[in-house]
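Taken in order, these protein sequences are the chains called A and B. Residue numbering for the first sequence is 403 to 512, as defined by this note's numbering. Residue numbering for the second sequence is 1042 to 1333, as defined by this note's numbering.
Bear in mind the hints are in silico, worked out from the structure with no lab data behind them. Note that the Cβ used here is the ideal one computed from N, Cα and C, for glycine as well. Please note that a few of the clues may not be correct.
[Unchecked claim] Chain B regions said to be covered by chain A (calculated; three or more residues, Cβ under 8 Å):
| no. | region |
| --- | --- |
| 1 | 1085-1095 |
| 2 | 1110-1119 |
| 3 | 1197-1203 |
[As the list claims (entries may be wrong)] Computed spacing ranges between beta-carbons, pair by pair:
| no. | chain 1 | residue 1 | chain 2 | residue 2 | range |
| --- | --- | --- | --- | --- | --- |
| 4 | A | Asp-464 | B | Ala-1155 | 45 to 53 Å |
| 5 | A | Thr-469 | B | Asp-1148 | 31 to 39 Å |
| 6 | A | Val-461 | B | Asp-1148 | 48 to 56 Å |
[Said to hold, decoys possible] One-sided excerpt, in silico: chain B residues whose CB lies under 10 Å from chain A:
| no. | residue |
| --- | --- |
| 7 | Arg-1060 |
| 8 | Met-1098 |
| 9 | Gln-1209 |
| 10 | Leu-1275 |
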Amino acid sequence: MSGNLVLLAILMFAVTYPSRALGLVSPGMDRLPKIAVEYLQLVGPAVLAALAAVTVMVVVGDDGQPTFRVGIEWIAVFVCLAIVGRWRNLLLGLVAAVAIVAIGRAGGLA
Amino acid sequence: MGVPGPASGPPAATGPIDRRRLVTEGLGIVVTALGFGFAYGLAARDAGFTVIDAMAMSVIAFAGAAELAAVGYVLSGMAWPAILVLTALLNARHLLYSATIRPWLADLPVRRRAVMAHFLTDEAFALSMAHFRRIGRGDERGYWIAAGVMLFIPWNLATLAGVVLGGQIPDPSKLGIDIIFPAAMIGLAAGMMTGRRELTAAVVGAAIGVAVSLMAGPPIGIVAGGLIGPLVALAIPARVAHETAPLGTVASAEHYATPGEFSAAAEAEAEADVRAAADTTEGDLPPEGPST
């Protein structure tokens, strides 16, 4: 990876700033079509869940072929999900997930 | 520095005492930002980001979950246009936040509001709105305390620490550092699940993401899951969605920010404070959110 990700950061600013600024600087942005608002509300959980699931369940081998993976990581992610769902504490969830994976790997589970 | 909200009820003075609670509540956010920022720094380093790359993301994009997601996108080899589309969609909820917060800051010059916009995050929204509602009016300095002091600074310091100190960890995989990214993603998603639709979008998004990834690779799978999941979820009628915290409200930001600091009691207390003040002056309550 090289410093060219700075350009990606700038482009990410370019696509994230409008959603932050439009409502603040121009009136009427709170009157989007209802269906658009509802769709936007749902994109966040869908993208994040897809990212988490793909990261934990799919492994791309040296041959470039994706394969399904089962491992201690599933439990770690599930525990994090449960902690956040129950106590709404992401930090605690992350600590628990890391601890589970570290202990599991030390015990030869993964 | 206080900025009256629209039809703002009480012209309450905003002084150090009024902001004390903002700071107290914000301390939990600071701790979360430090931990999450550090985790992002570690994940970015693990993905091969340089210090400049990681810091550029945190300073220029300053997008929390979208930054962490970008680490995953880059790792999966996703093309930049796809990364940008997903980033824009992931951050589109800020449109609702900015529209909600605007009435409280409407008297400020547009330029100042345009600068403030860059620092608008889920957590900044949650802190600011709770503060505004508590004091019954907008407060520019309070916004900067929430968005800048409580978030931007700790987030960036923690990013720097994570990406620099990550090099001192001999074998990050043994310590389970690599689980931080997916765990953070699912944790953030959980914070957004405030009804059946959100839950359905997440479950379907994950299932489609994995299925398509196995057939066409992770980059396409993630995009497919993120775009199709919401479409399926929209099939659930709104009347049975059991939405408890619609996006764009303080409650939703509270869920998303996952600080564990905004208790329901505190929120109810804030509501009561505003109502009591409004009753005293017979003014109207400021709006709570967009009419979505």
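inquiry  = Using the nearest Cβ pair, does Leu-1275(B) come within less than 10 Å of chain A?
reply    = Check passed: Cβ of Leu-1275(B) comes within 6 Å of chain A, closer than 10 Å.
inquiry  = Quick check on Arg-1060(B) please, does its C-beta sit within 10 Å of some C-beta on chain A?
reply    = Since chain A brings no Cβ nearer than about 21 Å to Arg-1060(B), farther than 10 Å, the hint is violated.
ask   = Using the C-beta atoms of Thr-469(A) and Asp-1148(B), is the stated range 31 to 39 Å upheld?
value = violated, 58 Å
query = For the hint on Gln-1209(B), does the least C-beta distance to chain A fall short of 10 Å?
reply = violated, 16 Å
message = When I compare C-beta atoms, does the region 1197-1203 of chain B have three or more residues closer than 8 Å to chain A?
response = Three-residue rule not met by the region 1197-1203 of chain B, so violated; n is 0.
ask   = Does Met-1098(B) pass the interface hint, meaning its C-beta sits closer than 10 Å to a C-beta of chain A?
value = OK, holds: Met-1098(B) within 10 Å of chain A, min 5 Å.
request  = Return holds or violated for the Cβ distance of Asp-464(A) and Ala-1155(B) against the range 45 to 53 Å.
outcome  = Cβ of Asp-464(A) to Cβ of Ala-1155(B): about 48 Å, so the range 45 to 53 Å holds.
Proximity test - 8 Å, beta-carbon atoms, the region 1085-1095 of chain B to chain A, at least three hits = It holds, with 6 qualifying residues against the three required.
request  = Starting from the hint 48 to 56 Å, judge whether the C-beta atoms of Val-461(A) and Asp-1148(B) obey it.
outcome  = holds, 54 Å
message = Please check whether the region 1110-1119 of chain B has three or more residues whose CB lies within less than 8 Å of a CB on chain A.
response = As far as the region 1110-1119 of chain B goes, the hint holds, because 5 residues have Cβ atoms under 8 Å from chain A.
Violated hints, listed in ascending order, are 3, 5, 7, 9; each of the other numbered hints is respected by the structure.
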